[in-house]
Amino acid sequence: MKFVRSVLAITAKELRIELRTREVVVAMAFFAALVLLLFAFALVHEGRTAPDAAAGILWIVIALAGTLGLSRAFDREREGNPLAALLLAPIDRPAIYVGKLLAMLIFLALTELVTVPLVALLFDAPLLAHPIQLIALLALGSIGFAATGSLFAGALVRNRARHLLLGILLYPLVLPVLMAGVRGTQALLVLPEPDLLVLGTWTRILVLFDVAMVTLSLWVFEPLVVAE
Amino acid sequence: MTSPTLEAIRCSRIFSGQRALANTDLAFIAGQSVALLGPNGAGKSTLLGILATLVRPSTGEVRLDGQTIGSSQRSALGLAAHETLCYGDLTGRENLALFARLYSVSDRTRVDGLLDRLDLLEAADRPARSYSRGMQQRLALARALLHRPRILLLDEPFSGLDSAGVELLRAILAEERTRGTLLITITHDLGAIAGLVDRAIVLRYGRVVFDGPAPHSGDELRALYAEQARGVAT
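Which chain is which? The protein sequence lines are A and B, in order. The numbers in the first sequence follow this note's numbering, run straight up by one, and end at 228. The numbers in the second sequence follow this note's numbering, run straight up by one, and end at 234.
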């Protein structure tokens, strides 16, 4: 119970700061919209775009905006070094990771609320035709992305080159998430009915990735974050 | 003989090939008030970081009451460091309330009591970022004292404080001594700490070069420090 209380306290702290500053979600959503507009200018010709492009664009935008959000959310732990006070508290240190991860998932979900309708609109993609399957895919993909990203953003928080290193380290590792997300979303966009077999395969890959990454992160977060 | 409360056993620390602390053995007993002295780069903050479990020693270990420090034992430690260790976007009250939850402090009056004691009550609902340097230092101290730790680790606690702040901090440290708290204080302000410490440890190049009783007066403490740290630029 203490673990859960600690996680909730840290997540609530993140949300309180975000409500006050609005610097993570607004930046993520604005950046996502901007990148989507650029993609639309580049790829949409006479109201048409390459088939399946919407799925790839959606996940690229989620990854880019997510990386921006991770950087901002973990920069909060630098000014005044409050992360040290969290590490000093008599709580299981992985609770810090889970608290930050939950907050990051909420930030990603809010960004996706803006991104998904924009992708559907700009690329004429029937993304909202199967909302439950899409929400499941986005949730699983976001967990995988945020779990990996929160681990590395936490480990790099004291590093001067953290913004550069985060992208370099994160993208190769989350490639399976992005591939599964793109393929799963493409399967959803097949008309008139989604390709459930393909969707199921990629969904299972996402579940496996999420379980593996969250387990690994809980294990290695403390050794990575305590000053080496 | 009283068994030590906090021990650094053969602790060393190497940063990027540079030795910050060399094979250090130190034992601290409850109720002691220890001044950790030394020139810049002597390894004082590294030692304090290791004692606080925030820096992993390259070799050796830290023990609390004879045991390796785990999550529950960390409640015995309080740390006020160079930085505030508080969130600038949260108010002073919100910062303390957050850490009160994490430390399972059940006394609901504790947060406001500390804000009042450290003369921060009027600014309690302002973001910590807007605090002056001295106010931030007092907030850092409030956070460190919140859970009534048995061991208080202080890194330059007098820096940024005005004369009233220094007097307030001296009074609080005296109270903590009376309460039996083990105090370990890094400071270059030997006048401010004089009379509040009973043991002085001087570090030089990551090694303990003096460990003994601290003189009572500031002048004697300064003379001891100058003798032990001789030949080292400060």
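Heads up, a few of these hints could be off.
To be verified - Here are the in silico distance ranges between beta carbons for each label pair:
#1 A/W219 with B/H216: 27 to 35 Å
#2 B/R19 with A/E79: 43 to 51 Å
#3 B/E83 with A/A109: 26 to 34 Å
#4 B/A164 with A/V35: 47 to 55 Å
#5 B/R133 with A/E23: 19 to 27 Å
#6 B/T109 with A/R20: 42 to 50 Å
#7 B/S159 with A/L38: 16 to 24 Å
#8 B/G191 with A/A212: 24 to 32 Å
Said to hold, decoys possible - Just a few of them, taken from the derived set where beta-carbon distance is under 8 Å, the chain B residues facing chain A:
#9 A27
#10 G31
#11 S75
#12 L79
#13 E83
#14 C86
#15 L90
#16 L98
#17 F99
Said to hold, decoys possible - Covered by chain B, per the in silico footprint, the following chain A stretches (three or more residues, Cβ under 8 Å):
#18 78 to 86
#19 173 to 187
#20 191 to 201
Hints listed in this document are in silico derivations from the structure and should not be mistaken for laboratory results. Heads up, the beta-carbon is just placed ideally off N, CA and C, and yes, glycines get one too.
Structure-based check of each hint:
{"no.": "1", "hint": "A/W219 with B/H216: 27 to 35 Å", "in the structure": "51 Å, violated"}
{"no.": "2", "hint": "B/R19 with A/E79: 43 to 51 Å", "in the structure": "30 Å, violated"}
{"no.": "3", "hint": "B/E83 with A/A109: 26 to 34 Å", "in the structure": "32 Å, holds"}
{"no.": "4", "hint": "B/A164 with A/V35: 47 to 55 Å", "in the structure": "53 Å, holds"}
{"no.": "5", "hint": "B/R133 with A/E23: 19 to 27 Å", "in the structure": "24 Å, holds"}
{"no.": "6", "hint": "B/T109 with A/R20: 42 to 50 Å", "in the structure": "26 Å, violated"}
{"no.": "7", "hint": "B/S159 with A/L38: 16 to 24 Å", "in the structure": "49 Å, violated"}
{"no.": "8", "hint": "B/G191 with A/A212: 24 to 32 Å", "in the structure": "58 Å, violated"}
{"no.": "9", "hint": "A27", "in the structure": "21 Å, violated"}
{"no.": "10", "hint": "G31", "in the structure": "22 Å, violated"}
{"no.": "11", "hint": "S75", "in the structure": "4 Å, holds"}
{"no.": "12", "hint": "L79", "in the structure": "6 Å, holds"}
{"no.": "13", "hint": "E83", "in the structure": "4 Å, holds"}
{"no.": "14", "hint": "C86", "in the structure": "5 Å, holds"}
{"no.": "15", "hint": "L90", "in the structure": "6 Å, holds"}
{"no.": "16", "hint": "L98", "in the structure": "5 Å, holds"}
{"no.": "17", "hint": "F99", "in the structure": "6 Å, holds"}
{"no.": "18", "hint": "78 to 86", "in the structure": "holds (count 7)"}
{"no.": "19", "hint": "173 to 187", "in the structure": "violated (count 0)"}
{"no.": "20", "hint": "191 to 201", "in the structure": "violated (count 0)"}
Hint compliance for this structure: hints 1, 2, 6, 7, 8, 9, 10, 19 and 20 are broken, all remaining hints hold.
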